[in-house]
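Visitor: Chain order of the listed sequences is R, X, U and L.
In terms of my numbering, the first sequence has 1079 at position 277, counting the first letter as 1, and numbering is strictly consecutive.
In terms of my numbering, the second sequence has 976 at position 50, counting the first letter as 1, and numbering is strictly consecutive.
In terms of my numbering, the third sequence has 201 at position 199, counting the first letter as 1, and numbering is strictly consecutive.
In terms of my numbering, the fourth sequence has 219 at position 156, counting the first letter as 1, and numbering is strictly consecutive.
The set of hints was computed from the structure by calculation and includes no laboratory data.
All values reported here derive from a predicted model rather than from experimental measurement.
Misleading hints may appear alongside valid ones.
Unchecked claim - With a straight-line cut-off of 20 Å between C-alpha atoms, the simulated SDA-like cross-links for lysine to any residue are: (1) 1131/X / 819/R; (2) 205/L / 1100/R; (3) 1129/X / 931/R; (4) 147/L / 352/U; (5) 1131/X / 813/R; (6) 232/L / 1080/R; (7) 975/X / 920/R; (8) 940/R / 1111/X; (9) 302/L / 325/U; (10) 1050/R / 964/R; (11) 1131/X / 942/R; (12) 147/L / 1100/R; (13) 975/X / 1032/R; (14) 278/L / 368/U; (15) 278/L / 371/U; (16) 302/L / 335/U; (17) 1131/X / 964/R.
Claimed, not checked - One side only, chain R facing chain X, incomplete, derived with CB under 7 Å: (18) 936; (19) 1017; (20) 1023; (21) 1027.
Idealized CB from N, CA, C, for every residue including glycine.
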Amino acid sequence: MEILSQILQVGFFAALLRIATPLIFGTIGELYAERAGVLNLGIEGIMMFSAMAGFSGAYFTHSLWFGVLVAVLAGMLGGLLMAVLCVSLGLSQHVSGIGTTLLFSGLSFFLYRLIFGQPSTIPVIEPFRTVNIPWLAKIPIIGPVLFDQYALVYLAFLIVPVTSWILYHTPWGLNLRTVGENPQAANSAGVSVAATRYQALLIAGMFMGLGGAFLSMAQYNAFTFGVISGRGWISIALVVFGQWSPYKSMAGALLFAFIDALQLRLQASNMIHIPYQVFLMMPFVLTILAMALVSRNARAPAALLRPFRKEER
Amino acid sequence: QPAMAAGNIKIAAVFETPIEEPWVNQIHVALLKAKKELGVEYTWSESVKAADFARVMREYAEKGYQLIMGDSFGTEKIARRVARDYPKTAFVFGSGIGPAEPNFGVFDNWIQEPTYLSGMIAGKMTKSNKIGVVAAMAIPEINRLSNAFCAGAKEVNKAVKCQFSFIGSFFDPPKAKEAAIAQIESGVDVIYAERFGVIEAAKEKNILAISNMSDQSSLAPDTVITGPVWDMWPTVKYVVGLVKAGVYTAQDFGGFSYMGKGGSYLAPLHKWDSKLPAAVKAMVAKRKQEILDGTFRVDISESAPQ
Amino acid sequence: MTTTAPLLQMRGICKYFGSVRANEEVDLTVTPGEIIGLLGENGAGKTTLMNVLFGVYTADAGQIDIAGTPATIRNAADALHLGVGMVHQHFHLVSHHSVMENLLVGQPGRWGQLDRPYIEQRLQEIRSRFGLEMNLDDQVRDLSIGQQQRLEIIKALLRGARLLILDEPTASLTPQEADGLFDALRAMAAQQMGVIFISHKLHEIRAVTTRVVIMRYGRVTATVVNDDSTTNRQLAELMCEHEIVAPVKASSTPGRELLRLVGICTAGGLRPALQDIDLQVHAGEILGVAGVSGNGQTELADVMSGMLTPLSGQMWLDGQVLRKITPRQVQRQGLGRIPEDRMHTGLITTLPLSSCMVLPRIHEHRFSRFGVLNRKAIRQFTKEQMQAFDVRASGPDVRTGTLSGGNLQKVLLARELAWDPTVLLAAQPTRGLDIAAAQFVHEHLLRLRTEGKAVVLISEDLEELFALSDRIVVMYEGVINGRMPIAEATVQNVGLLMAGITEAA
Amino acid sequence: MRWRLEIRDATPLWLNVLLPLLAILATLILCGGLIVLAGANMFDAYATMFSSALSSKFALTETLVKATPLIFTGLAVTIAFKAKFWNIGAEGQLLTGAMAAAYVGALEALPGWSLIPLMLLAGAAAGAATAIFPAYLKTRYKVDDVVTTLLLNFVILYAMTALLDGVWKDPISGYPDSPDILSAAEFPVFLARTRLHLGVLLAFIGAPLVWFVMKRTTLGFAIEAVGENAHAAAFSGHKTSVVILASAAVSGLLAGLAGVGEVGGLHFQVMATISPGYGYTGIVIAMLARLNPLGVLPAALFFAVIITGADSMSRATGVPVFLADVIQGTALVTMLIGLMFTRYRLRWQRVVHSVQEM
Ligand SMILES: Nc1ncnc2c1ncn2[C@@H]1O[C@H](COP(=O)(O)OP(=O)(O)OP(=O)(O)O)[C@@H](O)[C@H]1O
Ligand SMILES: Nc1ncnc2c1ncn2[C@@H]1O[C@H](COP(=O)(O)OP(=O)(O)OP(=O)(O)O)[C@@H](O)[C@H]1O
Ligand SMILES: [Mg+2]
Ligand SMILES: [Mg+2]
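Produce the entire structure from the sequences given, and follow the hints as far as they go.
Guide: Here's what the structure looks like:
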């Protein structure tokens, strides 16, 4: 009963959307890469790097949106590296991804130190404010939940239908899916596999960049070391959980956020005395369980993990 | 017994976290001050993983640093083992256990006194009678503060209820912020920001916050009333003196972090100097004096807060 | 010389893969209305040449003129743009997409959206011009091989191909489907298109082409006009270095029953379900299984080799009933198996040849003891088998995938026959093989028969079935709807059964 | 397409030697740029880096000690990846191994001589069990192994901190660390005043042993066959799920031993931060070694040199420590590119033009 009263609060749902936002960005980004046949394990490092770059951009220009732009470019840089490694050079996607994460997270901290030194109080920016959509925000209950959020939250929930539309209703989306299923088929239909995968990875990087930007510029107002804290890895899990579908992946992100928001409230309410780590691991355990239930019908893009070299067979 | 240090001594610090971590930062700041004012040589390593901790300590010891300091969240025993192998080097580490002969001295962030005082302020300032603590994890150092904060509040306001949340890591400000928001939404209106991220939530939600470890008023002058500050300077100054004089022995330097020695205090009120009700100010000042006089002792409870 | 500009003129094409000279100074001309047959042994360079033309490979030297103007073909998009379409030896279809999606790939959209109406309209045109039809909303994975073939051709025509390349398109078509395809090709030629048709089946080449180009070791060695003056034998001789002699089938009387299936049923779903399959095969007998691809032959082979667990039914091998039908069990009971897909089921192309050769028998005492491999024995055995079956490869350590199709098939035969199986299950054993290699396989099947073994031969090549089998059964939609001794079998009655028309009806 | 990659018929030996060296050189030059950016002298910095990893007994033994968990996790990943069981979970398996070892090592009821062998056994078993679970989900329910192994790392980490925070908390320090193991359970050290412990020896024995299993036994044969083509292996009578489970077990066992080594040889207790991501680095090591168990040794040593060396270098020169991660990442990338050219060559491809003498 008390749990119910915790959930049925405006703030709970608002928190849910906020927590889900970086996950949605990461998940949708990863989705583009995987639908094109590339597992981007670089996501954790790329999100970290763009969180840092975006924050620095905003810090020095005092323009948040400029910071977002920098974050997006930084994310695309990460996508580009992945593309060079596992598209142009056809290297193993696992290693390219782990290498990218290693390199980009190292680089984030390194550059952060170079730029900001070792200050005794961490540099902060004035973060994004929530955008209150006039009239709509006044609607009781759903108003404050849906229409009083950060601009990037709106964007996150916007890119889900847009992505779905792109994937299933545009020529480019079809080419992308074909590249991820059967690169030979795409190639012989005149679609450049390499170019498509490059584009997919760049778009993926862009969204990962937005995820990073959200964390260091909206949800928090500084870049610190734990700012990503595994959210990239979780995004990878959510793509599989969502069976490579944008809407289902979003549902996964929302479920994950639901559990996280709930555990924060249960902890605070002192209602149940179990180790707080149990709450922390709940999202992970539930994701594994849910996957065990749905996986039998799930099917990864057939060409996932396979490099494509034109003249090889 | 460590030998007499000739002239300029060399100090190294080994920190497990990045230098931004609030506790580590206080040690670091004090050592920087020692470099400037006492003319010691000072180098440090940040972000030294537990797995590398011993190696880095040994490296400094091998290189002839006379004093090695550092934090030790999970590296306590590692540090002790290394110290045993270098009896001529002085080691001073944050620790919950006592010193170890001949050369392993300890300190701790005994800042429960100012934390208690800020708890009293929180107890007076809350309107909902719900106050909160968002902390990293339930380890003794943190429990001590959480409990002192809550006890201070309860002393002045019997109706106060305390809520505690742990985020499970030392660094995850977005999560700390969400945890704080969760508390605020359940009615908390004064919150103790043990970790980064909490003050931002308080500011956004227009409630009051108590900072931690350093003076963080600048982050949100209207939100942050005050907060306990840990000052490692007295400790550092004393230890450096001992090492310089060649009379260093393994001791518990924890006492130097008490208010009485100037090792901890309540952060300046800044803007709140004028906003805080005079009665509250007077009450805090009185209790502070009693602590300094030794007539009031803040109870130390290191069990996980309930 | 013809007066009209040739549709295609390839001159001096060279293509090397490392040290392999796949194409050397190749010239090829196609004029409008021509159907060119491209003939050559496995590995002669036919596919490579076509891949160069289609932009999949970039030639090392040479020039390509399309419709009289020099063309630069860097990729398939260029080729499609120039009106060259290609149906690959292995289909390039996305099996989890719909027919519509497969047709739309690489097509520009309208208003940024997929342009379905355009495809519908083009499909209408293609239907009226060439008589090819397709249901747009089917999933490719539900289509039969013949339908997938058709889809590939439509895909090419849809792009306005004026020159169509078909690389071994009939390898798994039924005679009727092949005839349908030939009608379409003739219709194209009649409309002044050019067609390049690759096949190992001489009768097809003879039936449909106007001119035959013969390749050998990467070079064009002969060009023959296809008319009454040329004979099959001539073509075969131009193509191969050694003489082709059709194997003779000695008479033999069936002995005791070696294999028996009773009431085999399997679950349906994406694959056709087998219903109540009963079969017996006797010593000294080859049983042919005919049927249009996708009517349960693959499933039958999978059940027999233990890869598909039947819902009900039993299997006897050499008089003993199998408790569980698993790969291990059927092997142990003396069933040798040549799977339909040698590259993906039979062999592991990335492993050394020697590993593939002992893959099913690695636990035998001869090859390993207490879990430790006897590598000497393995290599020795591989060498012996390579010698015995004339496998042409540099040695037992060579990567299996680098062998040609014919040699891969020999490896499989060598592996399975080494154990002296009492029954051999051979599924499509000559698919894609050139005449010489196919001959080699046939000889071995017949040898088993004379040795008093039993063979189950599943094939879509009626000619092959008629030449080798003692009895034929026909499969249609998962049931055996006809059985007859070979003496009674004709292309007509078997063809009707394959189409599902039983005599009673 | 102007430049294209062409597969080599054979790789000359000198390339196999030269290319990794070139890769290292490229890494040093690229990261040298960052060192200069940080205001230090590149040559001094590198001199410090290599000397502090290699130049003294202390440095050398520390490098070997550092390489030990990397060898174990590298081998673990090698075996799993060979079977195409994408085990990203060596990290979690290391943790369970470490926990088991720390638990057994602190049991007073056991005779002293039995502690070390039992710790090894328990750690190996715990690691194996941890890896078998996701492998079972994969073979039985087709659950994506990349995701389950990855997520399990978090679950295990939280479970471990919950234990350390609760029932298993060291009663003396009150920190979320486990109590110390008994002194009889501490691994013997081979060289006085160093930390060259039993685990180091085991790691260096382990690599050839794993090589033997992979190349010379039926289990290795089956693992490779199933990994390369599970369908074909099944057709030939191999039980693919059993083979995958077996490879997962061996993989987890090795990762578990990495944890045992850290507990028995270095820390004598478990804490939440016992592994700075050795499980993930193991993936990198395994791939650098091109999934060859013997190659794991040089790859792990190379990484150990970078980690210890770059660490000391950054301390000596004031370059931010995070350079060590950057060097590792860069080294991985350049090494991958370098190794690729042992299999491929870059060839200038003329786009077809007219042949003059037609
Ligand atoms: N991508 C490739 N890499 C390396 N070698 C190749 C490649 N493609 C073809 N070859 C080689 O080029 C030669 C010609 O092969 P190709 O496939 O063109 O023969 P083909 O005439 O089509 O044979 P088949 O009748 O069996 O289809 C062969 O020796 C083949 O091994
Ligand atoms: N990937 C490859 N790399 C190098 N050489 C190859 C490769 N693939 C094939 N070859 C070479 O090609 C030769 C013949 O192989 P290929 O597969 O082209 O034969 P094929 O006759 O075309 O078979 P199929 O009937 O399958 O078309 C082999 O002997 C080998 O030397
Ligand atoms: Mg071929
Ligand atoms: Mg071919």
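Visitor: A separate judgement is required for each hint: does it hold in the structure or not?
Guide: Status of each hint after checking the structure:
Between the alpha carbons of residue 1131/X and residue 819/R the distance comes to roughly 17 Å, so the proposed pair stays at or under 20 Å and holds. Note on residue 205/L and residue 1100/R: the hinted pairing holds, with a Cα-Cα distance of about 9 Å set against a maximum of 20 Å. With a C-alpha separation of about 12 Å, the suggested pair residue 1129/X and residue 931/R falls inside the 20 Å cut-off, and the hint holds. Simply put, residue 147/L and residue 352/U have alpha-carbon atoms about 14 Å apart, close enough for the 20 Å limit, and the pair holds.
Of the supplied pair hints, the one linking residue 1131/X and residue 813/R holds, its CA atoms being roughly 11 Å apart against a limit of 20 Å. With a C-alpha separation of about 16 Å, the suggested pairing of residue 232/L with residue 1080/R holds against the 20 Å cut-off. Straight-line distance between C-alpha atoms of residue 975/X and residue 920/R comes to about 19 Å, which keeps the hinted pair within the 20 Å bound. Restraint check: the Cα-Cα separation between residue 940/R and residue 1111/X comes to about 19 Å, which is no more than 20 Å; the hinted pair holds.
Taken as a hint, the residue 302/L and residue 325/U pair is honoured in the structure, with Cα atoms around 17 Å apart against an allowance of 20 Å. For the hint pairing residue 1050/R with residue 964/R, the CA-to-CA distance comes to about 14 Å; that is within 20 Å, so the pair holds. In summary, the hint linking residue 1131/X to residue 942/R is supported, as the alpha carbons are separated by about 19 Å, within the 20 Å threshold. This hinted pair checks out: residue 147/L and residue 1100/R have alpha carbons roughly 19 Å apart, not beyond 20 Å.
For the proposed pair residue 975/X and residue 1032/R, the alpha carbon gap of about 18 Å is at most 20 Å, so the pair holds. A C-alpha spacing of about 17 Å is found between residue 278/L and residue 368/U, which places the hinted pair at or below 20 Å, so the restraint holds. Between residue 278/L and residue 371/U the alpha-carbon distance is near 14 Å, which keeps this suggested pair within the 20 Å criterion. For the hint pairing residue 302/L with residue 335/U, the CA-to-CA distance comes to about 18 Å; that is within 20 Å, so the pair holds.
Taking the CA atoms of residue 1131/X and residue 964/R, the gap is near 32 Å; set against the 20 Å cutoff, the hint is violated. For residue 936/R, the interface hint is violated, since its Cβ never comes within 7 Å of a Cβ in chain X; the closest pair sits about 20 Å apart. Nearest Cβ of chain X to the Cβ of residue 1017/R: about 5 Å, under the 7 Å cut. The hint holds. Of the supplied interface hints, the one on residue 1023/R holds, with its beta-carbon coming within about 6 Å of a beta-carbon of chain X, less than 7 Å.
Contact between residue 1027/R and chain X, as hinted, is supported at the beta carbon level, the nearest pair being about 5 Å apart and thus within 7 Å.
Comparing the model with each earlier hint shows violations of hints 17 and 18; every other hint is respected.
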